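Novice: Spelled out, the chains give:
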Amino acid sequence: MQLSDRELWAVIHGLILGTGFLLAFAGGLVGLWSLRAKYLTAEGVRERLPRLGLWTGLMATIAWLTVFTGTWIVYPWYRDPAPTSARSILLADEHTAQWHEFGMEWKEHVAWLAPMLATAVAFVILYYGVQLIRHNEWRRPLLILFTLAFAAAGVAGLMGAFITKAAPVL
Amino acid sequence: MTDLNDMDVFPTTKPSGPAAAAIVAAGIGSLVLGLMVSLAEFSAGAKSFLDFAKNYGLGSGVGPLSGKVIVAVLAYLVSWAILYFMWRGKEISVSKAFLATIVLVGLGFALTFPPIFTLLAP
Chain A
9 MQLSDRELWA
19 VIHGLILGTG
29 FLLAFAGGLV
39 GLWSLRAKYL
49 TAEGVRERLP
59 RLGLWTGLMA
69 TIAWLTVFTG
79 TWIVYPWYRD
89 PAPTSARSIL
99 LADEHTAQWH
109 EFGMEWKEHV
119 AWLAPMLATA
129 VAFVILYYGV
139 QLIRHNEWRR
149 PLLILFTLAF
159 AAAGVAGLMG
169 AFITKAAPVL
Chain B
8 MTDLNDMDVF
18 PTTKPSGPAA
28 AAIVAAGIGS
38 LVLGLMVSLA
48 EFSAGAKSFL
58 DFAKNYGLGS
68 GVGPLSGKVI
78 VAVLAYLVSW
88 AILYFMWRGK
98 EISVSKAFLA
108 TIVLVGLGFA
118 LTFPPIFTLL
128 AP
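Protein chains in written order, with our numbering: chain A, 9 to 178; chain B, 8 to 129.
These are calculated hints, taken from the structure and not from any lab test.
These numbers were taken from a predicted model, which means no experiment stands behind them.
Hints are supplied without guarantee of correctness; some may be wrong.
[As the list claims (entries may be wrong)] Where chain A lies over chain B, by a calculated footprint (3+ residues, C-beta under 8 Å): (1) 18–30; (2) 33–40; (3) 75–84; (4) 88–99; (5) 105–113.
[As the list claims (entries may be wrong)] Computed beta-carbon distance windows for the label pairs: (6) A/Pro58 with B/Gly64: 35 to 43 Å; (7) B/Lys21 with A/Asp101: 51 to 59 Å; (8) B/Pro129 with A/Thr27: 40 to 48 Å; (9) A/Ala100 with B/Leu126: 23 to 31 Å; (10) B/Leu126 with A/Ala105: 12 to 20 Å; (11) A/Arg14 with B/Leu84: 29 to 37 Å; (12) B/Asn62 with A/Val19: 29 to 37 Å; (13) A/Arg147 with B/Val110: 15 to 23 Å.
Think of the CB as a built atom: it goes at the ideal place given N, C-alpha and C, for glycine as much as any other residue.
This is chain A alone, in the form it adopts within the complex (with noise of 0.2 Å):
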């Protein structure tokens, strides 16, 4: 029971990072939902802030750590010109060339505005501190770009998933 060097950055790029991205997106999501002030006393301010800080951090860290590992180690193996490669298998078929044409054209593109989005989220919840309970005004904003960050990793993430189903990068 082995994986190649090319099965396993795959494993650590889509399982272990994709994992790890819907944990702290959970985390992150639960955080901002509820954080009203009518909800919470100060003291669970000063308890839930710097953990909400902590989970949207780490979804921006995890969100970039996956687009440079599936951008500049994974996706070479991908499209490399051989005739055995994931992308060679998936046009010399008309059934599965939409797999490339649509699939791995949308993700490769659309991933990247996750770690951007998520980034800035963490950075408006790391600015403000405990006074982002005073600026109810972000909470919203701060909930949508959060969950399109979640968003634009799912439609990779699922589009990974398919490809890989079709024609693993091997």
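Assemble the complex: chain A is given as a structure, and chain B must be docked to it using the hints.
Specialist: This is chain B only, laid out in the frame that chain A set:
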């Protein structure tokens, strides 16, 4: 237990400018990414220029994606720095900054969607 209705608890001392700069810059980075994707589809010369992996040795085999994302991330970071210094001591309307961000991100999303950017192919 301290009551949060007491406004002396966690008084607001920070202007919204730096936070607004962060989200608007993310929108600018998103739009620039979309523009690079569309530009590479529209122009073979641009596509060749954006192959930073080949032209500048920034990665091996990444192709034009290297240039598209490097340009977008640079636009994000530079615009963030500029907006940060412009707005650092100022109150910026959160709703207007958010609206601008949503429009920019929406355009970025649209221009990275293959059925849209392939329309630009000659």
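Novice: Does the structure break any of the earlier hints, and which numbers would those be?
Specialist: Hint 4 contradicted; others consistent.
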